[in-house]
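Student: So you can see what is in the structure, the chains are spelled out below.
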Amino acid sequence: MTTSNQELSTQPAAAPASSGPAAGRHASSVNARRDGRLEKIAAGEFVPAEIHDSLRSEQAVLEIEKFNLWYGAKQALFDIQMIIPRGKVTALIGPSGCGKSTLLRCVNRMNDLIDSVRVAGQMRLNGDSIFASGVDVIELRKRMGMVFQKPNPFPMSIFENVVYPLRIDGERNRNVLEEVCERSLRGAALWNEVKDRLQESGLSLSGGQQQRLCIARAIASDPEVLLLDEPCSALDPLATGKIEDLIQELRGEYSILIVTHNMQQASRVSDYTAFMYLGHLVEYGDTPELFTNPRLKETEDYLTGRFG
Amino acid sequence: MLITLGGLGTILAVSLVCVFLLWVVVPLFLPSSLVPLSGASAGGGAPGQVVHAGADEYLRIGWVATADGSLTAYRLDTGEQLSRTALSHDGRPPSAMSFALRDGHVALAFGNLVQLGSIDFQTTFVEAAELPAELRELPVGEIATFGQGILERTAEGQFRLQQLRVELPEPAALKSDSEVALIDVSVSSKGTVFAALTRDGQLHLAQVTQRKNLLTGEVTNRLRSGSVQVELPAAGVPSYLKLAGLGDAVFLAWEDGLLQRFDTRNATRPELVEQVDLVETPEDKLTALAFLIGKTTLVSGDSAGRLRAWFRIKPDEAPTADGALLVAGHELPSMAGPVAFLGASSRSRMVAAASDAGQVRLFHVTSEHEVAERQAPDAAGAMHALTIAPKDDALLALAGDRLLLWSIDAPHPQTTWASILRPVWYEGYNAPEHVWQSSSGTDDFEEKYGLVPLVFGTLKATFYSMLFGAPLALLAAIYTSEFLHPRAKARVKPTIEIMASLPSVVLGFLAALFFAPLVENIVPQCLALFVTIPFAYLLGAHLWQLLPGPMAAYLGRFRILGMVVALPAGVGLAWLIGRPVERWLFAGDIKAWLDGQIGNGIGAWMFVLLPLSCLAVTWLITSFVTPGMRRYAGTWPRLQFALLDLGKLLAGCLLAAGLAYGLGATLDGLGWDPRGTYVGTYVQRNALVVGFIMGFAVIPIIYTISDDALSAVPESLRAGSLGAGATPWQTAIRVVIPTAMSGLFSAMMVGLGRAVGETMIVLMAAGNTPVLDWNIFNGFRTLSANIAVELPEAVIDSTHYRMLFLAALSLFVMTFFVNTIAEVVRLRFRKRAFQL
Ligand SMILES: Nc1ncnc2c1ncn2[C@@H]1O[C@H](COP(=O)(O)OP(=O)(O)OP(=O)(O)O)[C@@H](O)[C@H]1O
Ligand SMILES: [Mg+2]
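Protein chains in written order, with our numbering: chain S, 1 to 308; chain F, 1001 to 1836.
There's no promise every hint is true.
[Said to hold, decoys possible] Keeping only pairs whose Cα atoms sit at most 27 Å apart, straight-line, the calculated DSS-like set for lysine-lysine is: (1) S:K40 x S:K66; (2) S:K74 x F:K1489; (3) S:K195 x S:K142; (4) F:K1175 x F:K1190; (5) S:K40 x S:K297; (6) S:K142 x F:K1648.
[Stated by the list, open to error] Chain S stretches covered by chain F per the calculated footprint, using a threshold of three residues with CB under 8 Å from any CB of chain F: (7) 162-173; (8) 204-218.
Honestly, the hints are just simulated from the structure, not real lab data. We treat Cβ as the ideally placed atom computed from N, Cα and C, and that holds for glycine.
All chains, please: the whole structure from these sequences, using the hints.
Tutor: Quick look at the structure:
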């Protein structure tokens, strides 16, 4: 990502922040700006996150409580405490290596696959604990859909790709499968492009189509949360636009947690944005407010591209 | 650049190998020819009615015996008459004569007197001093007539004299007053037998057996003789009397095609056992009848030009008294006109036939193939005789007064594609068969070069070793790449790869000297292993589930130890159930059972049905029972669910066993007993042993390549599948394996290539019997082992030598084919992997 691009995108957002129409809030953010959090974080101190009030009114689909994670001896997440609101799009932003993907992967316990990982704390999906000892990980993952940075369609037909989550559940009814396939492909705004070639290989699609195919696959099993890890980073602007439109359409129907490096994208598609730094949640609030009027100087610096 | 050069060099080297193989093999299939050598006029004019003709092995002298009893020797290149002997007794010409194909044995009859003697060639060296002056200066390699023989100056400068030698001792009288009309003699290592038919229809037989007392060295002759009255048909005395090589049969044949066979194994009591019609229609006449070498196969020629070869077979239910049946095993390509003469080779199964019109054709009887054809020059006149020279290098014919000599250029008369690839009816076999047998103790043995048993052996070795090795290697690769901890895998993989570095000669040695004798005594236990080991693993996995959750999680890292324990547990279980299983399925004695002597076919069905029913039950359970169980018992406590799962396993095993047994019993009840097909008589060195040991050779290769292919599947696909809620097993089955399919396939192909070409293991452990038998308990001989065994003793450029090269070429083609498929698939796989 180029700095110029970021500056272009964040300047207009930062401008109203300095003009300060809301004095009280401005004052508090000015206060907050001075406490040098990033340095403290870097020095290993714990600093509580700045969480906007707007989140309190939201109903949580996912609750994260005092969540810590270690890769071996190295701690990658520190006391993350946040809720993901239901039916909304939540963006995770932060400099590279700050733990966004790690956090996202914890939600469907994909981190179990990594041997050295150790966690402490709790996560709850609609009230059900994710990390409690008796949890069936497979069942848990079925309640979520995940889309990765790089499109990863399976080397099988488009149809089979979409209905994969049902197949592994042992669904055989052709009618059900076809119906789900169409619904998911429509949901992923891919139906019109592929409806005549459902039996062709998923690999024959373009990169953007492949990513939408993966989204179709992720929503085929009607997930409670949709986890998107930089879904557009491998795509060109046009394909990115389509995916963003798609996320807009999915809003409301699905609760979406999206990791992105693209500030513009975060500001365009998300309702809430969380800013992370070195494994800490720094600031979390509703997107327009965070972008236009961050409470913390650090957030503003990041949004304006002064670091990261 | 260097790489290109290297690649081109490799291609060049491989092509050169191929070209070299072809270079040696192609002469097998080159057409043969008859080339005129000489055609001198016989000195003294055309001989009379020729009974027999012969030539010496240097093609210098030809001789002709005529019906009037004169024996004339000619110099073949000039036609000069060298000598003339009268075969007579008391001035009488012989009433019957017979001449053996080789060794020069002759039998003559004068009235009721029988004279057994010999006519052969004598080679002596003459001192120069004894020679007339003009011959002393004979240049090296030149020949000249000297006395009654031919003098040749050898390369060493000696004078070699070659002349016809006739030895006829005093005749002996038959116990009959009637004149002998037909006579034949056979000399074998057991002694001399002759048969004579007198005009009154008495068939006389006399056998002289020589016994040597091993202590005193004294030789005793024992004479056994007997006779039988032949009921002569209206046609009178037969035209031919032929005595088999071992003296065990006499054939009388009449001109109308009737042949009577007498069993003369007991010389004192000859017995008519069979009558056969040698011609097709009543109009046809039998015009020629001759033995092939070994005096077992008779070749008949008739007036329609038909040529057939007859020999005795021993079918299961022969209608004859001696249990043998004379059959027309071969039908040779017909002659244009009536067959006038037959001349058999004295060293191979070739026979030459001539028609009255002067058409001369040379056949190889066993392969039913015309080796060469030639027309006698018209100017020569009517044919009198035809004979193949002792070294099979020339054909001598008498036409008019001409001595026609053709050189036979047929180094490999018996090899045709049909004789190599199709069943061939060899003398003494009951039916056409695929046989490879390149050597034997006897002289008149026919080499049998059917490649099919060897190709079959190669396929059998490949099949059984892949049956054993491929699933094991594939499953191991899937396990280590998908389920095993990377750290453990880092140890396991090199260990398995070390297996590949075991020299195959060591493996073969182990298999032959340690493993084969060991397995022989514990066959039921070894068979039980195939069931108990998988069962032990499954049981172990289910028992593991019974552990309380936290404990299982804690012990998770020691899971591989559990697997290490399951193996000996399976072996122990096999040890325990081996005997009971033997009693239950194999009538208490598996070897006798395999021979088909005792018990029923259920056990044999179990060999195939048990794996199949296990697969069927697994499919049933995974697609119907398990989803249902998840739905109804998914929320049960862990222990309860694990118990249910264990119950499912045990029920499934019982079901599979029951299903297999039930089906096997049904099939057995229907009368199908598979013993004698894929299972059968136990041989110590067998395909089971080879399959197991060859596993050591193919498993590491298949394993390594498969593991690489599986590891090459992008991690993102696994993540995608797991993220969608698939279990690691589902991920492996539905995503990873299909993605890596072509890689797995090429791994199999490379393993297959290794199994096809493997030599030492099969050489040492497969018993090397070239039999066509799928029986897993029988041995086999592969192309590669055959080459290794026989090439050292094959004479360069002989048919045998070239056939071994053909075997090598076949092997080359097979491995090339397999590897090409593997490569093509691998390239496709690379392209697809590139897309991901
Ligand atoms: N498998 C792993 N083993 C050890 N450390 C890891 C592993 N994966 C990530 N980390 C470390 O954890 C930290 C967080 O990584 P993570 O991938 O979550 O960052 P991220 O915010 O997603 O970065 P990016 O924006 O570049 O994707 C990093 O310091 C990284 O080095
Ligand atoms: Mg990331």
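Student: Hint by hint, which ones does the structure fall short of?
Tutor: none
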